[in-house]
Amino acid sequence: MSKGIKYFAGVVIAGLVIYNSVYFRPLDEKLAEGDEVAFDARSFVDGIWFTDLLAVYDSATDVTTLLNELRENPASTFTDKGQALGIGNIGYFKVQGEGTVLSVNENNVLLQVGGEIVEIETEFIFGNAVRDASGLIKVNDYDETADFNSISESINDKIRKDVVPDFRARVKQGNKVRFKGALELNKAHLNLSQPEVIPVSIQIIQ
Amino acid sequence: MKIPAPLLRLCFVLFTAVLLLGCGNSKDKSVDQPKKVAVIISTLNNPWFVVLAETAANRAKELGYEATIFDSQNNTALETDHFENAIASGYDAVLFNPTDADGSIANVRMAKKAGIPVFCMDREVNATDAATSQILSDSYAGCVAIGKYFVEKLNKQGKYVEILGMVGDNNTWSRSKGFHSVVDHYTDLKMVAQQSADFDRNKAMEVMESILQVHPDIDGVFCGNDAMAMGVYQALVSAGKANQVMVFGFDGADDVINSIQQKKILATGMQFPKLMAKTAANYAQEYFNGKRDFAQKVPVTVEMVNQENVNEYSAYGSDQ
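Those protein sequences? They're chains A and B, same order as listed. Its first residue numbered 10, the first sequence is counted upward by one per residue in the working numbering. Its first residue numbered -15, the second sequence is counted upward by one per residue in the working numbering.
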């Protein structure tokens, strides 16, 4: 065999070895392999909506009873019936009740519930009231605070899409309405006039 | 060579005496000297963090500890130096305001490895196995409230600008996400610019001046902290637009509470730096007393201060 053929064979073999030893892939593809499975808040909320979340709201306090207790003994009512995420003045409460529609407004529906006027939010369905009033979901169960916050976003999305539209389309002044929902209150700056309820369920019953 | 017995006895007595004296000194140090607490803060170039640092140090002193404040000047390398110094100097706990959610993890782990508990204040690190506990403002919820107020005040329409804080700080994104979780539902509210000013007042003023050159017709500005809100307001005053653009901040700092009263700034999210700092110092005391089962994250609620309720609040939540 001539030297030229030997060199050529050597170069081919070396090329094959190097070609099969080294390969290039897009960085984002490689990084994606190492990613943990992203938390899917929407699936999580769909999974707990009927079995857990709505179930705990079945035991919500009557809204007029709660407001009276808060007027008489705010500190112990916050402790006994409120839920708090951590340290601070904000407390969340599960409430339910029946009332008559006083007015249907751009952002809410006002109800007369016993001697109280209660505002059912239909536009500004935001924040953590429903998640935190439930007492079901704890911040320390989630490594990522963003995952914990995304649960509230998914709960609020569900309320905006599944709870509010049908009610808004049919509700009229004078209707009788039954509701369950969450209330956010500040114990240092307690304002009990026209409390704002984020509904988890609301039906026109008459 | 044989050593005489008396000399051997003398050596034994001297050796025993040295050992006993040594033990005695060690005991004196642990019993008589107060515990040392390091307060390591991301920056002292912002009054809000000065309040956080001083309250933490003062509370630690009230509890009978020595306390020293270290300024990281928003520099993780300097922060590392502070941790190394704290460990080498025999500090017993660190009350910590991190510079960077990811970049500060190694510093917390270094202290943990040395057996020193770290209690994060206001800002978190992106690890749940490093700090002993993290006492954090619920920035997301605070900015949800500001987002709702923003939408109401701008009547669901208009052009706006967002000034972000430091991009490496989780609070920057918690605040931004809380705000956008509301505002993004309103398609007639258009964000024309989003830029970082690193939580810095002067930088925010410069950034806003540049943005106004391109977008002179904005209706609102949401800022990730109060220092930037004040910088933005200054830029708007210089451009003659202070009366037509609504500015929103976050922190509850002294000058912004005054500015809300004077209707220069529309609203802010009241954080409670004194509450967080005192809680961190109290946790250090509980740790020294033997407690180990701390919650990893302890959220502290944020309350919106606006045109309607500003008279109920004082700067930094000072009643807390």
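Treat each hint with caution, since some may be false.
Stated by the list, open to error - Straight line, CA to CA, 27 Å or less: simulated DSSO-like cross-link-like pairs of lysine-lysine:
id : chain 1 : residue 1 : chain 2 : residue 2
1  : B       : LYS258    : A       : LYS147
2  : B       : LYS140    : A       : LYS181
3  : A       : LYS170    : B       : LYS225
4  : B       : LYS137    : B       : LYS258
5  : A       : LYS196    : B       : LYS137
6  : A       : LYS167    : B       : LYS258
7  : A       : LYS170    : B       : LYS258
These are calculated hints, taken from the structure and not from any lab test.
Are A/LYS170 and B/LYS225 close enough, with their CA atoms no more than 27 Å apart?
violated, 39 Å
Hey, B/LYS137 versus B/LYS258, does the alpha-carbon distance stay inside 27 Å?
violated, 30 Å
Pairwise hint evaluation, B/LYS258 against A/LYS170, where the allowed Cα distance is 27 Å at most
Status violated; Cα separation ~41 Å.
For the pair we were handed, A/LYS167 and B/LYS258, check the Cα-Cα distance against 27 Å.
violated, 37 Å
Does the alpha-carbon distance linking A/LYS196 and B/LYS137 stay inside the 27 Å limit?
Satisfied, since the Cα-Cα distance of roughly 26 Å is no more than 27 Å.
Taking only the CA atoms, is the gap from B/LYS140 to A/LYS181 under or equal to 27 Å?
Given pair B/LYS140, A/LYS181 holds - Cα atoms ~25 Å apart, limit 27 Å.
Within a Cα-Cα threshold of 27 Å, do B/LYS258 and A/LYS147 meet the stated pairing?
holds, 25 Å
Hints 3, 4, 6, 7 from the list above are not met by this structure, while the remaining hints are.
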